[in-house]
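Number of protein chains: 4
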Amino acid sequence: MAKRSRPFLSDLIRALTGERRTRDRDPDSPEALEQALARPPLERLLAACDVLMGHLGEAALVAVAEEAVEAYAELDTADRVTFFRHLRDHFGADAAPIRAAYAAWAEAPDAANLAALFRTVEPRRQQLLRRLNMAAGATLALVHMRADLLRAAKQEPDLAPLDADFVHLLTSWFNRGFLQMRRIDWHSPAAILEKILAYESVHPMAGWDELRRRLDPVDRRCYAFFHPTTGNEPLIFVEVALTRGTPGAIAPLLEENQPLDPEDADTAVFYSINNSLSGLRGISFGNFLLKQVVAALSQDLPGLQHYVTLSPAPGFAKWLAAEAEQDADAARLAEQVGERRWVHDFELQQQLRPAVLSAAARYFLRAKNPTGAPLDPVARFHLGNGASADRINWPADLAGNALDRGHGVMINYRYELGLIETRHEDFVRDNTVTHSDELEKLLDLARRA
Amino acid sequence: MAKRSRPFLSDLIRALTGERRTRDRDPDSPEALEQALARPPLERLLAACDVLMGHLGEAALVAVAEEAVEAYAELDTADRVTFFRHLRDHFGADAAPIRAAYAAWAEAPDAANLAALFRTVEPRRQQLLRRLNMAAGATLALVHMRADLLRAAKQEPDLAPLDADFVHLLTSWFNRGFLQMRRIDWHSPAAILEKILAYESVHPMAGWDELRRRLDPVDRRCYAFFHPTTGNEPLIFVEVALTRGTPGAIAPLLEENQPLDPEDADTAVFYSINNSLSGLRGISFGNFLLKQVVAALSQDLPGLQHYVTLSPAPGFAKWLAAEAEQDADAARLAEQVGERRWVHDFELQQQLRPAVLSAAARYFLRAKNPTGAPLDPVARFHLGNGASADRINWPADLAGNALDRGHGVMINYRYELGLIETRHEDFVRDNTVTHSDELEKLLDLARRA
Amino acid sequence: MAKRSRPFLSDLIRALTGERRTRDRDPDSPEALEQALARPPLERLLAACDVLMGHLGEAALVAVAEEAVEAYAELDTADRVTFFRHLRDHFGADAAPIRAAYAAWAEAPDAANLAALFRTVEPRRQQLLRRLNMAAGATLALVHMRADLLRAAKQEPDLAPLDADFVHLLTSWFNRGFLQMRRIDWHSPAAILEKILAYESVHPMAGWDELRRRLDPVDRRCYAFFHPTTGNEPLIFVEVALTRGTPGAIAPLLEENQPLDPEDADTAVFYSINNSLSGLRGISFGNFLLKQVVAALSQDLPGLQHYVTLSPAPGFAKWLAAEAEQDADAARLAEQVGERRWVHDFELQQQLRPAVLSAAARYFLRAKNPTGAPLDPVARFHLGNGASADRINWPADLAGNALDRGHGVMINYRYELGLIETRHEDFVRDNTVTHSDELEKLLDLARRA
Amino acid sequence: MAKRSRPFLSDLIRALTGERRTRDRDPDSPEALEQALARPPLERLLAACDVLMGHLGEAALVAVAEEAVEAYAELDTADRVTFFRHLRDHFGADAAPIRAAYAAWAEAPDAANLAALFRTVEPRRQQLLRRLNMAAGATLALVHMRADLLRAAKQEPDLAPLDADFVHLLTSWFNRGFLQMRRIDWHSPAAILEKILAYESVHPMAGWDELRRRLDPVDRRCYAFFHPTTGNEPLIFVEVALTRGTPGAIAPLLEENQPLDPEDADTAVFYSINNSLSGLRGISFGNFLLKQVVAALSQDLPGLQHYVTLSPAPGFAKWLAAEAEQDADAARLAEQVGERRWVHDFELQQQLRPAVLSAAARYFLRAKNPTGAPLDPVARFHLGNGASADRINWPADLAGNALDRGHGVMINYRYELGLIETRHEDFVRDNTVTHSDELEKLLDLARRA
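Top to bottom, those sequences are chains A, B, C and D.
Per the numbering used here, the very first residue in the first sequence carries number 1; after that it's consecutive.
Per the numbering used here, the very first residue in the second sequence carries number 1; after that it's consecutive.
Per the numbering used here, the very first residue in the third sequence carries number 1; after that it's consecutive.
Per the numbering used here, the very first residue in the fourth sequence carries number 1; after that it's consecutive.
So here's chain A without its partners, still in its complex pose (with noise of 0.2 Å):
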């Protein structure tokens, strides 16, 4: 790592160091600032977070959030554990103030005394992120915070609170305004390429070959969104292949292939979706990617008419071996799909294929969590995004993972344009699920059984 010229940062000296100005001894000498650094990081880190919600000069907290930046860095699993209690116990709000704010309010409830209110009540960790994040590549360096903070509150529950004020200042900062979406090609730098070889958790990459497959042929697409101060960071990315016709497997997608000429195209597979950083967890945006990609892709090929996805069934193997308690169908079925002799045996495949289309529907359509929605995580996405359920396809993915989660069942949710919103608003309201007859009449075809 290149050295840096640090500025003479005598508050941060000071605050480390303990010493007083005086007029024979200069805490802005470099012995000074050597000696202050050479402090363990932990030290340097909250003697840090002091000086910058102290009366530092404004251009003075950039260098002290690069030095709080840097020292949190340093920090092993135990010090950033510190560091947390720290934030909740030191960085909380006064209750006086509060008390004070409050009986005012409560007198007269008008938008000044809320105003004033919420000033107290606001913890001061917010300010003291706000001012970290002035540091130059800041705000990723504080998406890895709160990652670090979930793993922490997961073994001490208590610093769960902490978390609303990450997610209160990530949402304000990712807001969708903010957001770029770029495609990503075979031109994009390699530095943004080895991201998405990294991140790509769906259906994982043996290497650069497999990359370049999935990104350079013409019948290929890649749109991630970027945000403006966390540079070559796809935060999510959503990979499509141009097909004719709607895919049910997804093997041919993945391997090499004379590609479609993109203009004789009539459908858009969005086949792999993934979320990149676990500390930007439940602040979404993944909906916004797909609107934005299908308006791309309708103005860029006017010969699109479909854009369907092709999606797994990550909790169907769980849901049958819970089905199959209750239910001898149920358990016959399970034994017979987890024995994966239907792999390599063809016949076995087609009969067993209605029974399994009709419980991955009965799974698909009707088996929901305690809210009433779809017991499906992946679903739950797509049908919230305004998507229909279109046709359940089996085999349909016949890697490890996806036996192991979903029997080897892929669903295709569709997407049509002018009707997105309306089913939006079907599902939030009563979690309708918008689908196809073909996937009704696997329904009839389960409840007959």
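Treat the hints with caution; some may be incorrect.
Stated by the list, open to error - Covered by chain B, according to a simulated footprint, are these stretches of chain A (three or more residues, beta-carbon under 8 Å):
| hint | stretch |
| --- | --- |
| 1 | 100 to 113 |
| 2 | 122 to 135 |
| 3 | 156 to 163 |
| 4 | 183 to 192 |
Since the hints were derived computationally from the structure, they do not count as laboratory data.
Everything numeric in this text was worked out from a predicted model, so none of it was measured.
Glycine included, C-beta positions come from ideal geometry on N, C-alpha and C.
Let chain A serve as the given structure and place chains B, C and D on it in line with the hints.
Leaving out everything else, chains B, C and D in the frame of chain A:
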């Protein structure tokens, strides 16, 4: 304005038309849309705001936010005030949840209860503004909305509390980490340059030829901060001249000159700093800009040794007039400089100079506002940034405005790398105004007089 | 102009100082360099040319070429002529090798002998120009040098043969494959826009406001060809207005207007085409530009159905004057339109229009130059590109120049995709001028009169 | 490959179909086009060439040139040879005009007659190649065409004269003034990086991980020349390592290392220089590149004091084998180093080193080719560029190829700013090989032995 194809926004349409969706009538029809969009803009705006705060899918939010931003732009001043009142009265926070959350926190003032209280206390308009910000171009629109609000609040002080919400969000969005410094020169897009031309108010320009004179010569620089979502809008910019020695008058910098080879320059003069958007008042980043410009210039031109301003004395005339009421000498001086005969009389200039300089020294170094800080606003800015007061010049600016407000006085503030933080701290702690020996002598002169 | 650090160019220095390198005296010393560079520019240029044609290493060539280009720029007109004479007399081809190569070829006229002959016959100045072209910015400097040569050759026809060498090289360097079309609009660098302002000679602009009116509105387009090595220099540019219907007068296009939504436009009007550099005369790429603009526009705006020009009639007044000497009707018409009373007399316009239009029809369609091509140079350009003559308009341009040269007449040429090649061929083969029925009727009228 | 909409090319169609245009049959019809394009590629290519040399309008030329370039790409090797023969036999120059022009020139050998002679002597294929070059992407296609020609001419020497025409044009098009140096790093497009991976032949790379190791660390640089019309094709590139001190072996540079802070580096090592396109053989720009890299690095990193190469000794083994036939010492040395036992025997290395170094010194400094220049081709390149021979290293490269050709020897050449031109001249004038005292001592050793 180009026609925009609007996606069907059934929620918005229903909000406007008050209709429920029925099987026989299609709220998504083009006719329904057209009918809805024919409503007056205030009605459309309020409906859009309601929809934005409802359970609408996030993807549809963007379209509704665009609708709202567009409708706001069509409002006249009276309707804008109505809208602000509406924001104040209907987008505050509900009292009951605040009371409950406060009670819980009062009993157990831990981080979790604080977070819960914070959530209830946040005025709902903050969420509204965040959602409006999803529209393309909305950030700038919201900055302009705040400018409208500030104007309206002058007439109607009850609107002032709303500003806290704008400030809260704009401070977060215009965080220094999101600002990008760019150099502006004659190769910059005309669409940016025309804004420089329009926003330059310290030393206004007559037209493109003068603009070129300030940007194109090799001994000129101009830097501005831009924000990723406000595109070509320079938020703040500084004009720089590269010189040998510290200039004592503005005219030679603005006239056509044989440019100096930048490698021969030893001084960078910041002779004009302009904030562009009144809607960002109080969300300052001038100090960041100057600091980053100094860094860029010293990297680019290692020969530079001095960083000074050439700044006006905007309150000098007013201050001298006030002095004149109590002091005969000041009264005589005020009369003589006010007459302006000296403008064309070199001998008279020579004769008046000592008195003008020493009065100006008192103005800059001794005159204070009620908080004990320098009376001169530009002095507060530069001294607060860590500069020192270096040299007073007279006559230095003979433009009408400069004569009216400052009797033609200008001052150089000096930025010394490595001393900026210390000076800033001294200034913040006890209003210490670091200044040169030369100015000290002028003060002595004043004292003796 | 910034100082340039010059590498030590010992060859050049020695060529200038006539010194041989010795052990005791260092030709590479800064003193020797300074001394050499103090010589008059013509001397420096000729020395540099000698060095360039010598055995100097290629890396050093760049520096010497820069020296030469800089020295040339300092020459006055007389010295430039001297330099051209020098090029003619000392950078031709040696006679003996030509004779030998010719003899070999005459005996065995095969490809190898032809190649050998070609090598001997190429004037050495072509190699010199290629080497000069190694300097940064040299391509544009050589274009300007050719412009100087063309001017000089008017006075001194013996210089004319040099032009063949410039044409040979410039044709190769400005090969269409190297040209890049770029759209120019209000976001283009001011450094480019000021050139558009300067080079526009068909309908000159008063200043930046008018420039903005032609570039910024959504119904305007401007495209130019650029060359990779001439940077911001637009070699040729065309200004386009998007309209409904074919315009019959220039003024409405140039005035401030409510812009038309481009998606409502059915017609693209090329109303001004300008070649920028006189040093590229005869190295035409106007036809490539128009063709590429048509392609770009039709892709961008599928609603466009018509591509027409609005072109002047630069030789009409002169032609009519010549006709007037032999024909009484023409004489009367020439007198009436020459008086210009009609400019403000609408009734007189009505009365004169049939005669003007029919005379103009004869001018455009019947008047020929000695080679049998249309007399009108703009007609030759567009018809030669494959356009047809579509409609004559009068009064269409009341600008002084347009009245003087064309009595206010303008004409629309029409480019029809799919017919361009055929029309071009017909025109080339037998000067066929495809024209509309409307023009045919005007000719009939003329015949009958 | 995406379908390309082809404009109607009536000339080309008629050339292919042999039809004359008639009123009843439309050569511009899609059917006629389809029919024409179904012909074999050689036929289409020859027809396109005829059309290109005809009187076709320039705008249509682009389309026909694209047709020709595409047809050429479809030819097999035999057809390419047929095409080259066709170029040789049918696109030469007509004898009669040459004779006439020569006679005129012989009588009056002035510039005008020389220009006229030049015109007649230029083979028509040069015009053809210039016109082919109008197609998008044609420049690179023509470079590849020349590579085909060079291969073909090895079998059929009668084709060799064609190369003169290619060289003539490519020299002009790849003029140094048109080349753009760009830095290549891990942020470069993957489409460029995969070419670096493919073209690196001096020290080949195993894959993307190794590529990243050469491009991403802060102490590595890579620069390439690009041409505006060949897009992402790096014509030549050099890989650079920043080090402290001159490296004596290649392996440490290629392995994974803790990177050095560039500001701590004092040496830039050019350890691999690769020409990418065999079709540009003999059109050299390596010297320009090195010189420009030195300039860029010294600007970027003022701390750099040494610019050296780490270069192979590609002919050393062969030369030593030849020496061995006449000299017993050389024979023994050749045997010992050829055995390669020393590779793993450190003591044997120590023992052999003096003899290897002194033999290598003789090889680099004394062994000459028939023209008196150094026998080693890499030495000729660097010494001819103005470098000096600085240090011989052994064992320095244990890769198989390096052992086979150079017995593991490598050499550092040194570029010294301010001495480059002088050394270049000395080398060109009398093959003087400037070398270090260290090498002189090795020569002494060799002499004494």
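Q. What are the numbers of the hints that this structure violates, sorted from low to high?
A. The structure breaks only hint 4.
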